[in-house]
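J.: Residue numbers (the working numbering), protein chains in the order written: chain A, 2 to 211; chain B, 541 to 1105.
Don't read these hints as lab results, they were simulated from the structure. Since the structure is predicted, the reported quantities are computational estimates derived from the model, not experimental observations. Misleading hints may appear alongside valid ones.
[To be verified] Chain B side only, calculated, beta carbon under 8 Å to chain A, not exhaustive:
| id | residue |
| --- | --- |
| 1 | 650 |
| 2 | 654 |
| 3 | 733 |
| 4 | 734 |
| 5 | 756 |
| 6 | 757 |
| 7 | 760 |
| 8 | 761 |
| 9 | 764 |
| 10 | 765 |
| 11 | 768 |
| 12 | 777 |
| 13 | 778 |
| 14 | 787 |
| 15 | 788 |
| 16 | 790 |
Positions of the beta carbon are idealized from the N, C-alpha and C atoms, including for glycine.
Each chain is listed here by its residues.
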Amino acid sequence: MTAPHRSEKQGREGVRGVYAREEDRVAAGSMGLLLLLITLGMLFGALVLVVLAVRLNDAAWPKDLPSLPWQTWISTVAIVGVSVALMKAVASMRRGSDAGVRTGLGIAGVLVIIFTCMQVWAWLSWYDAMPQWAAATQSHRIGVMGFWVFTAVHITHVLGGMVPLGMVGWYAVCRSWTVSRQGLLHHTAIYWHFLDAVWVMLLLTMLLVL
Amino acid sequence: MTGDPRPLEQPTLTDNYLTYTRGFLSWALTLDHKRIGLMYLCSVLLAFLLGGIFALLVRTQLLVPEGLIMDQDDYNQAFTLHGGIMVFLVIIPSTPAALGNFVLPIMLGAKDVAFPRLNLMSYYLWVIGAIFMVYSIFGGGLDTGWTFYTPYSIDQNSAMGGVIPAVTGAFILGFSSIFTGMNFIVTIHRLRPKGMTWFRMPLFLWSIYATAVIQVLATPVLGITLALLAVERAFGIGIFDPTLGGDPVLYQHFFWFYSHPAVYIMILPAMGIVSELIAVHSHRHIFGYSFIAWSSVAIAMFSFIVWGHHMFTSGQSPLVNVVFSFITFSVAIPSAVKVFNWLATMYKGAISWNTPMLYGMGFIFLFVIGGLTGLYLGTLSTDIHLHDTYFVVAHFHYVMMGSALIGFIGGLHHWWPKMIGKMYNENAGRVAFVLFFIGYNMTFFTQFMLGSHGMPRRYATYPADAGFQMYHIISTIGSYMMAIAFFMMAAYFISSIFGGRRAAANPWGGRSLEWQCTSPPPHDNFSEQPEVGDCYDFSVLRWDEATQGYVWREDVDRPGEKSHA
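Given these sequences and hints, build the entire structure.
T.: Below, the structure written as C-alpha cells:
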C-alpha cells in the first residue's frame, strides 16, 4: 500500500471522519453540552452549598452588612437580555433570516460587554466600601467576600462563553453557515441561558443568605 | 461455511497508527485517540516513577526507629508528594485516560472518540496540572498530606508555600479528568456500532462508563473546593478558616464527597479490565454479564453516599455516623457480586497462565483483602481504634495499588501487543509478577499488623521498644522487591519494542472488536464498521500455530456473514 501524501494524511487526521453525517456531529455536541452543563451545575451547586453551610452555622451573623452595589442590577438586566437576544438569533436562524441572526448576535455581544463592564465597576465599588465593614465582618468574612467569590466564579464562565459567541458572530458576519455552525449557535444560546440561570441563583443567594 | 483459516485480519506494520505520520508535531498535535492514549501512558508512567521514588524514600526512612535519611519536614514532604502524585497523576488517569483512550473507540468499532480535539486538550491539561503539582516541590514545598486538610493547609505559618501550586495542579487535573469522562460518555452513547446494544458491550466499557459518570458529577465539587481552598489561603475569605468564621470540617465533607467516589474512579476501570482478563484468559464466557455490568453502576451510585465514613472521628453526630456506616457496608454487595462472577467464570475454564491472567487473579486476591479490611474501618467501634494508623494505610494501598494499579498493569500486559505490535517475554512477565506479588504483600500486609498494634501513620520516627521495627524492615524490603519488579517490567516492555516477536492480531483469544484489527491497529482502526457478535463467545476461535494467534474457526460463520453451507 502506498503511503498517502502529507496533505491527505492531515485531512484524514481531522475530526469529521468520526461521524457519518454532520447531524450526528451536532447531536454529539448537544450531548457533550448537556454533560458540561451538568458538570457546571454541580460546581455552582457546591459553591452555593458551601457558603450556605457556613452562613447557617453562624449564629451571630451581623445584621448591618452592606447591600449589593447598584451596578449588579444593571448586570442582571444585561445578562437576561443576552439570553433574549440569543433566543431571537436562534429563532431567526430557523426562519432563515440572516439579518435577524446578525441583529440578535450583535445585541447579545453588546450586552455581554455591558455585563462585564458593570461587573468590573461593581468590584471597584465593593473594594472601596470594604474598609468600613472590615471590623464588623472580621469573624464573618464570607459576608463581604462572598460577593467576590460568587461573581468571580461566574465571570470566568462568562469569559469562556465569549469564545463561542465570538465564533458564531464571525460566522454571521461572513454569512457562512453549515449544519455544524448552526448547531454551535444553538449550543451557544443554551450555554448563555445556563449562565443566566446561574446568575439569578447566585444573586438570590447573595440577597437572601449573605 | 467460511472455510478461510485466516487470522481475523492479517497484521501489517506498514500502515499503522505508529508509523502513519512521523515527526514530533505529528505526535504533539495528534487527534488520534491511540496516540493520545500512548502519550498518557508514557506521562503516567513517568509520574509513577517519581511517586515511586518518594515511596522508597518513605520506606527507607522507616527502617530504623529514629529515621534513616530525612528530617521530619522532609519526611512530611515525601509522603505528601508520594500521595499527591500517585493519586492525582497516576492512578486516576492511568486506566481511563491511558488504556481507555487507546482501547475504548476500537472496542466500539469507532474511528475515534466523540471529541478528538477535546481529548487532546484533556491531555495537555494533564501535563499543565502535572507541572503545577511538581512545581510545588520547588515552590516552597508541600507537607499537608495529599488531602490538603484545613486548617493546616491554610495556615501560612505551618503549611509550606507549595500548597497553592499543588492545589491549582489538582484543580487543572480535575478538569482534564472531567473532559475525558464527558468524551467517553458521548462516545459510548453516540458511536456504538450497529448491533452493539448496551448489554452486548464489553464489560470494560461498562466500567469506563460508570467511571465517567462519577468523573462528570463528582470532580467539579473537588474543583470548586480546591479553588476555594487556594483563595482562602491567598485572601482569607472565611469559608474554611475558623478565625474568619469558616468551618474546617466543611472542607473535609466537600473533599470526600469527591474523593470517595474518586476511589471508584480508580478501581472501577480496573474491575472492567479484570472482567476482560478473566474471561479472555479462561477462554470461557463471562459468568453473570448483566450482574457485573449493573454492579458497576451500583458501585458508582453508592460511591456518592458514603463519604462520611472518612470522618467518623471528626465530631459528626452519632446518627450520621451510623447511617454512613450502614451505607458503607452496602458497597460490599456489588463488589462481592463481581468477585463471585469472576470466580464462576474461571470455574471449569481453560485457563491460560499468561502474565495478564496472573495480574487478574492477583487483583481478585488483593481486592478481597482490601475489601474485607474495609469492613473493619466501616465499623464505628473498630474505626475509632484504627483511625490514622498504618491499618488505614495498608487498607487503601490494597484497594488503590493492589487493586486499581494491578488492574492497570494487567491491562497494560493484555493490550501491549495490540498497542505496540510486539510480544514481550512471557517468562520475564511471570517472574516479575511473582516478585511483585510477594514484595507487595510483604510491604503492605505487615502494615495491617503495625496499625492494629498502634503505629500511627505519617510519623517519621517510632519508639525503639514498641516492637514496630521488624514489621517496618519487612515492609521496606518488600517495597524494594516491588521496585525491582517494576524495573524488570520496564526492561522487558522496552526490549519487546526493539526485539520482541511480532504480535498476531489476536494473541490471547479475545472476541471484542479490538482483536479484529491488526496489531498495532491502522490509523482509522477499521476500514468499515465491523459487525458485532457476542464479545465473550470464545468457542468460535481456534489457535493458529502459523500466526501464533487466534483465528476464526473454519466451521463457524463470522458475524455479518451468511452461511455458505
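J.: The structure should be examined with respect to each hint, and the outcome stated for every one.
T.: To see whether the hints hold, each was checked on the structure:
no., hint, verdict
1, 650, "holds (7 Å)"
2, 654, "holds (5 Å)"
3, 733, "violated (11 Å)"
4, 734, "violated (11 Å)"
5, 756, "holds (5 Å)"
6, 757, "holds (6 Å)"
7, 760, "holds (4 Å)"
8, 761, "holds (4 Å)"
9, 764, "holds (5 Å)"
10, 765, "holds (7 Å)"
11, 768, "holds (7 Å)"
12, 777, "holds (4 Å)"
13, 778, "holds (3 Å)"
14, 787, "holds (6 Å)"
15, 788, "violated (11 Å)"
16, 790, "holds (5 Å)"
Going down the numbered hints, you'll see the structure goes against 3, 4 and 15, while the others check out.
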